[in-house]
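**Student:** Given next are the chains, with one letter for each unit.
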Amino acid sequence: MALRDAAIVGYAETKIVEKSDVDVWELGAQILEELLDKTGLDKGEIDGLILSSSQTGAGNNFWSQTTADQLALEVDYCNIVDIGGCSPAGAVARAAAAIDAGLCNIVFCLYADTQGRENNNRPRGFAQEWTQPIGYMGPPAAFGLLSKRYEHQFGLDYRALGKLAVAQREHAVLNDLACEKLRKPITVDDYLNSRMINDPIRLLDSVMVCDGASGLIVMSRKAAEKKGYTKCVVPIGYGERTIYRASEAVVDPTTTGHKPAGEKAFKQAGLTPKDIASFHPYDDFIIAIMMQLEMLGFCKHGQGCDFVNANDFRYTGNLPLNTGGGQISAGQVGLAGGGTNLIEAVRQLFGEGDKRQVKDTKNALVTGIGGIPYGRNWATSVAMILTPNS
Amino acid sequence: MAETIKDTLHIARNPSAPRTFSQKYWDGTREKKVLLQYDNKSGKYQFYPRANSIYNGRRSVLEWREVSGKGEVFTFTIARRAREPFRGHEPFFIVLVTLDEGVNVMANVVNCSLEEMKIGLRMKPYWHPLPDGTNMLMFEPDRG
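In order, the protein sequence lines correspond to chains A and B. Here our numbering = 1-based position in the first sequence + 1. Here our numbering = 1-based position in the second sequence + 54.
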């Protein structure tokens with residue numbers, strides 16, 4: 002199988018800030034240098050470049066090759082993955098596929114965005130015609146609609162959602178790379194009392210847009226062994242689904258593409274949700290974490306809040322959750338934000354979690370959410386299961 | 055005391071922005087008609103208008119049919135923060151209404167209090183004029 006023949010041999014991440022002092026390519030150069038230092042590779046050995054989506058890069062139709070040029074990378078495979086928050090995990094899967102197909106050997110996956118400093122995004126979609134004219138403010142409005150519908154169908158225990166927010170915030174306090182503004186502990190009452198944005202979505206349900214970058218080096222396991230890397234992380238299962246239930250006019254938004262994506266990832270990995278040692282779900286809004294627990298099979302559809310109440314999501318708990326704080330408490334690095342939770346999972350499996358190191362590093366589950374379609378939930382869902390090679 | 059949810063009628067809106075495949079919908083609004091795309095092969099409607107059928111991917115199966123525009127609230131939210139030109143006019147409703155023909159339409163709401171608003175509430179069209187002579191589909195409770 003192609004996927005598990007690949008290995009992540011190094012990772013890098015910048016501090017997450019509200020607004021970057023430096024250009025997006027300077028952040029990219031910072032990531033490249035850290036990866037070269039950590040892996041001992043020469044720049045010339047990198048022959049593949051895969052970028053995540055980027056609001057700063059939007060509008061440049063040559064973003065991946067321009068970035069290769071700026072960083073002086075001579076590569077045989079050059080690509081951007083434009084599935085929003087799914088791009089970083091999606092890039093690892095595509096790197097594995099490209100290596101397996103013989104297109105390249107050593108891939109630099111770079112997830113950099115400086116949306117706060119420089120947003121060049123001019124999206125062409127349904128919004129200009131159907132949602133901007135009614136004052137719909139993108140994701141918070143979409144999740145308001147979604148949450149209200151969930152509440153109608155199943156009821157919604159806001160204290161349970163608050164418990165997730167509190168656990169992630171505790172982790173951000175322990176993460177020196179998290180956005181400083183967010184590194185203050187919160188309580189469930191702080192969550193409940195935070196102001197409404199789009200009922201019932203509160204301020205503390207929501208991500209804050211930030212700037213930053215992260216990245217990985219992917220090569221074949223064989224190449225990693227030959228080079229003598231003793232530590233590496235292997236993707237053993239991956240599933241991806243875009244526009245779940247596209248052929249239906251009215252879609253129950255409480256069901257998501259994570260159901261088919263998760264089933265595929267677990268089947269490939271030969272694991273079940275009970276086997277998962279730590280969980281690093283994409284978190285644009287708190288309710289998305291709870292819904293992923295349902296769709297990925299940790300509990301039944303509609304019973305996510307009960308599951309949350311019955312489990313401990315701190316890094317010391319039985320199901321550690323986004324141990325770096327997630328994006329909601331570490332900051333969302335624009336469209337490269339999926340890198341935050343992915344890098345944290347890799348870091349934990351390398352055993353480099355420092356003050357927040359989880360005990361059980363036999364595997365980690367990472368997910369992505371990308372894009373907001375009209376009146377549904379989200380456009381792309383991905384799930385990736387990682388394991389250390391040793 | 056119950057909070058007042060504002061209507062959005064006095065906000066200056068841009069003209070409609072049709073695409074080639076949605077022009078007929080906007081043309082219909084000039085006469086305050088709700089026109090939906092209907093796939094005559096699958097026997098189902100779709101919204102928002104697209105260049106092909108969401109059911110089978112084909113273009114040739116699509117025709118336009120006038121419908122009543124009546125339906126019920128699928129879900130709703132209260133926007134308490136918005137961008138221009140809506141900024142300062144919060145809070146207002148955004149609803150998804152399931153029309154009787156089985157499609158979801160997102161819209162603003164008039165003549166409806168927070169107490170009355172609920173999932174399942176019956177709604178009917180309310181037309182709001184746009185600068186280009188087309189009309190924007192909004193909804194109000196169907197009490198009759």
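Do not rely on the hints blindly, as some may be mistaken.
[To be verified] For lysine to aspartate or glutamate, the following EDC-like pairs were computed, each having C-alpha atoms within a straight-line distance of at most 16 Å:
#, chain 1, residue 1, chain 2, residue 2
1, A, K228, A, D43
2, B, K172, A, D43
3, A, K182, A, E19
4, B, K98, A, E249
5, B, K98, B, E155
6, A, K185, A, E171
7, B, K95, A, E34
8, B, K78, A, D38
9, A, K275, A, D313
10, B, K60, B, E169
11, A, K20, A, E130
12, B, K172, A, E34
13, B, K98, B, E169
14, A, K44, A, D70
15, B, K178, B, E155
16, A, K44, A, E34
17, A, K275, A, E264
18, B, K60, A, D200
[What the hints assert, rightly or not] From the derived model, a few chain B residues whose C-beta atoms are all more than 10 Å from chain A:
#, residue
19, I108
20, R134
21, N162
22, V164
23, C166
[What the hints assert, rightly or not] Simulated restraints, written as ranges between beta carbons of each label pair:
#, chain 1, residue 1, chain 2, residue 2, range
24, A, L104, B, R176, 55 to 61 Å
25, A, S195, B, K60, 44 to 50 Å
26, A, N121, B, S122, 42 to 48 Å
27, B, N94, A, R125, 54 to 60 Å
28, B, G187, A, D253, 35 to 41 Å
If you're looking for bench data, these hints aren't it; they were derived computationally from the structure. Just so it is clear, CB atoms sit at the ideal spot from N, CA and C, and this is done for glycine as well.
**Student:** The structure should be examined with respect to each hint, and the outcome stated for every one.
**Tutor:** Hint check results:
1. A/K228 - A/D43: holds, 12 Å
2. B/K172 - A/D43: violated, 62 Å
3. A/K182 - A/E19: Roughly 8 Å between the alpha carbons, so the hint for A/K182 and A/E19 holds.
4. B/K98 - A/E249: holds, 10 Å
5. B/K98 - B/E155: It holds: about 8 Å lies between the C-alpha atoms, which stays within 16 Å.
6. A/K185 - A/E171: Given pair A/K185, A/E171 holds - Cα atoms ~8 Å apart, limit 16 Å.
7. B/K95 - A/E34: Since the Cα atoms of B/K95 and A/E34 sit roughly 58 Å apart, the hinted pair is violated (cutoff 16 Å).
8. B/K78 - A/D38: violated, 60 Å
9. A/K275 - A/D313: Satisfied, since the Cα-Cα distance of roughly 14 Å is no more than 16 Å.
10. B/K60 - B/E169: holds, 13 Å
11. A/K20 - A/E130: violated, 31 Å
12. B/K172 - A/E34: This hinted pair is violated, its Cα atoms lying about 55 Å apart.
13. B/K98 - B/E169: violated, 34 Å
14. A/K44 - A/D70: The given pair, whose Cα atoms are some 13 Å apart, holds under the 16 Å limit.
15. B/K178 - B/E155: Distance ~13 Å between B/K178 and B/E155 Cα, so the pair holds.
16. A/K44 - A/E34: It holds: about 9 Å lies between the C-alpha atoms, which stays within 16 Å.
17. A/K275 - A/E264: holds, 13 Å
18. B/K60 - A/D200: At roughly 15 Å apart (the allowed maximum being 16 Å), A/D200 and B/K60 satisfy the hint.
19. I108: violated, 5 Å
20. R134: violated, 5 Å
21. N162: Check fails; 5 Å does not lie beyond 10 Å.
22. V164: holds, 12 Å
23. C166: Given a closest Cβ separation of 14 Å, the condition holds.
24. A/L104 - B/R176: 55 to 61 Å: Cβ of A/L104 to Cβ of B/R176: about 57 Å, so the range 55 to 61 Å holds.
25. A/S195 - B/K60: 44 to 50 Å: Violated, since A/S195 and B/K60 (Cβ atoms, about 23 Å apart) do not stay within the stated range.
26. A/N121 - B/S122: 42 to 48 Å: Since the Cβ atoms of A/N121 and B/S122 sit about 43 Å apart, the hinted range of 42 to 48 Å holds.
27. B/N94 - A/R125: 54 to 60 Å: violated, 29 Å
28. B/G187 - A/D253: 35 to 41 Å: Roughly 37 Å apart at Cβ, these two residues keep to the hinted range, so it holds.
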